[in-house]
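Trainee: Chains as they are written, first to last, in this note's numbering: chain A, 1 to 115; chain B, 1 to 114.
To be clear, the hints were calculated from the coordinates, so they are not data collected in a lab.
Since this is a predicted model, take the numbers as computed values, not measurements.
No residue lacks a Cβ here, since even glycine has one placed at the ideal position from N, Cα and C.
Each hint should be verified, as a subset may be incorrect.
[To be verified] Here are the in silico distance ranges between beta carbons for each label pair:
| id | chain 1 | residue 1 | chain 2 | residue 2 | range |
| --- | --- | --- | --- | --- | --- |
| 1 | B | 53 | A | 65 | 17 to 25 Å |
| 2 | B | 39 | A | 59 | 21 to 29 Å |
| 3 | A | 18 | B | 41 | 40 to 48 Å |
| 4 | B | 39 | A | 56 | 43 to 51 Å |
| 5 | A | 26 | B | 10 | 30 to 38 Å |
| 6 | B | 82 | A | 41 | 22 to 30 Å |
| 7 | A | 113 | B | 13 | 43 to 51 Å |
| 8 | B | 71 | A | 52 | 31 to 39 Å |
| 9 | B | 54 | A | 88 | 22 to 30 Å |
| 10 | A | 8 | B | 18 | 36 to 44 Å |
| 11 | A | 67 | B | 113 | 31 to 39 Å |
| 12 | A | 108 | B | 56 | 42 to 50 Å |
| 13 | A | 20 | B | 2 | 42 to 50 Å |
[Unchecked claim] Incomplete in silico selection of chain A near chain B, CB under 10 Å:
| id | residue |
| --- | --- |
| 14 | 8 |
| 15 | 24 |
| 16 | 37 |
| 17 | 41 |
| 18 | 42 |
| 19 | 45 |
| 20 | 48 |
| 21 | 60 |
| 22 | 61 |
| 23 | 63 |
| 24 | 64 |
| 25 | 90 |
| 26 | 102 |
| 27 | 106 |
| 28 | 109 |
| 29 | 113 |
[Unchecked claim] If we take Cβ atoms under 10 Å as the criterion, some of the chain A residues that face chain B in the derived model are:
| id | residue |
| --- | --- |
| 30 | 12 |
| 31 | 16 |
| 32 | 33 |
| 33 | 35 |
| 34 | 91 |
| 35 | 92 |
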Amino acid sequence: NAGVTQTPKFQVLKTGQSMTLQCAQDMNHNSMYWYRQDPGMGLRLIYYSASEGTTDKGEVPNGYNVSRLNKREFSLRLESAAPSQTSVYFCASSTRQGATDSPLHFGNGTRLTVT
Amino acid sequence: GNSVTQMEGPVTLSEEAFLTINCTYTATGYPSLFWYVQYPGEGLQLLLKATKADDKGSNKGFEATYRKETTSFHLEKGSVQVSDSAVYFCALSDMDSSASKIIFGSGTRLSIRP
Numbered sequence: 001n002a003g004v005t006q007t008p009k010f011q012v013l014k015t016g017q018s019m020t021l022q023c024a025q026d027m028n029h030n031s032m033y034w035y036r037q038d039p040g041m042g043l044r045l046i047y048y049s050a051s052e053g054t055t056d057k058g059e060v061p062n063g064y065n066v067s068r069l070n071k072r073e074f075s076l077r078l079e080s081a082a083p084s085q086t087s088v089y090f091c092a093s094s095t096r097q098g099a100t101d102s103p104l105h106f107g108n109g110t111r112l113t114v115t
Numbered sequence: 001g002n003s004v005t006q007m008e009g010p011v012t013l014s015e016e017a018f019l020t021i022n023c024t025y026t027a028t029g030y031p032s033l034f035w036y037v038q039y040p041g042e043g044l045q046l047l048l049k050a051t052k053a054d055d056k057g058s059n060k061g062f063e064a065t066y067r068k069e070t071t072s073f074h075l076e077k078g079s080v081q082v083s084d085s086a087v088y089f090c091a092l093s094d095m096d097s098s099a100s101k102i103i104f105g106s107g108t109r110l111s112i113r114p
């Protein structure tokens, strides 16, 4: 069972470069999420997609864009990377749209460094 | 808005010690509450959950009880092992118009000495 798969695992960018983080889930989940994890700040929601065809901003969306390509895939794009975007990025999915008791299933993360 | 506050770490204990990691929350309505665990180099995994007041979630010897009167969901384990060393996150669900979003605390790093 692959669960949630993120690529790449590691990435180093120079300021101003762009890149796309890929995420795919094979659990037939409706909702998908992108979080960033920074020391001492827990996880902060960047964007989420409640269902295929919809995306919404989370707590820290500035500097990012997302695409829900289909039910399985949800990508995160940095158009012009900045050092403040150095972080570990996690993709997650959950099964039932609108269900408060539906836990998240996480990928193993992408460690991004912007120099 | 909704929020989660958990005790700051790191927490260092000896093997077989009793563990408590405190978590309190602020929420409107009736959220579900979760504990997630993150082992080194991995993503978060659900440890346990409780969906209504007075529910007790349990898994792998860990327990937490949803206390509405004190808005708390403290994590406990009677006898910790070295393999429990990880970062623990308390979280609550937050319902908006289109999806359930989960809000996380800042995490507590736990280290267990042999």
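Trainee: Hint by hint, which ones does this structure get wrong, listed from lowest number up?
Mentor: Of the numbered hints given earlier, those the structure breaks are 1, 3, 4, 7, 9, 11, 12, 13, 14, 15, 21, 22, 23, 24, 29, 30 and 31, listed in rising order.
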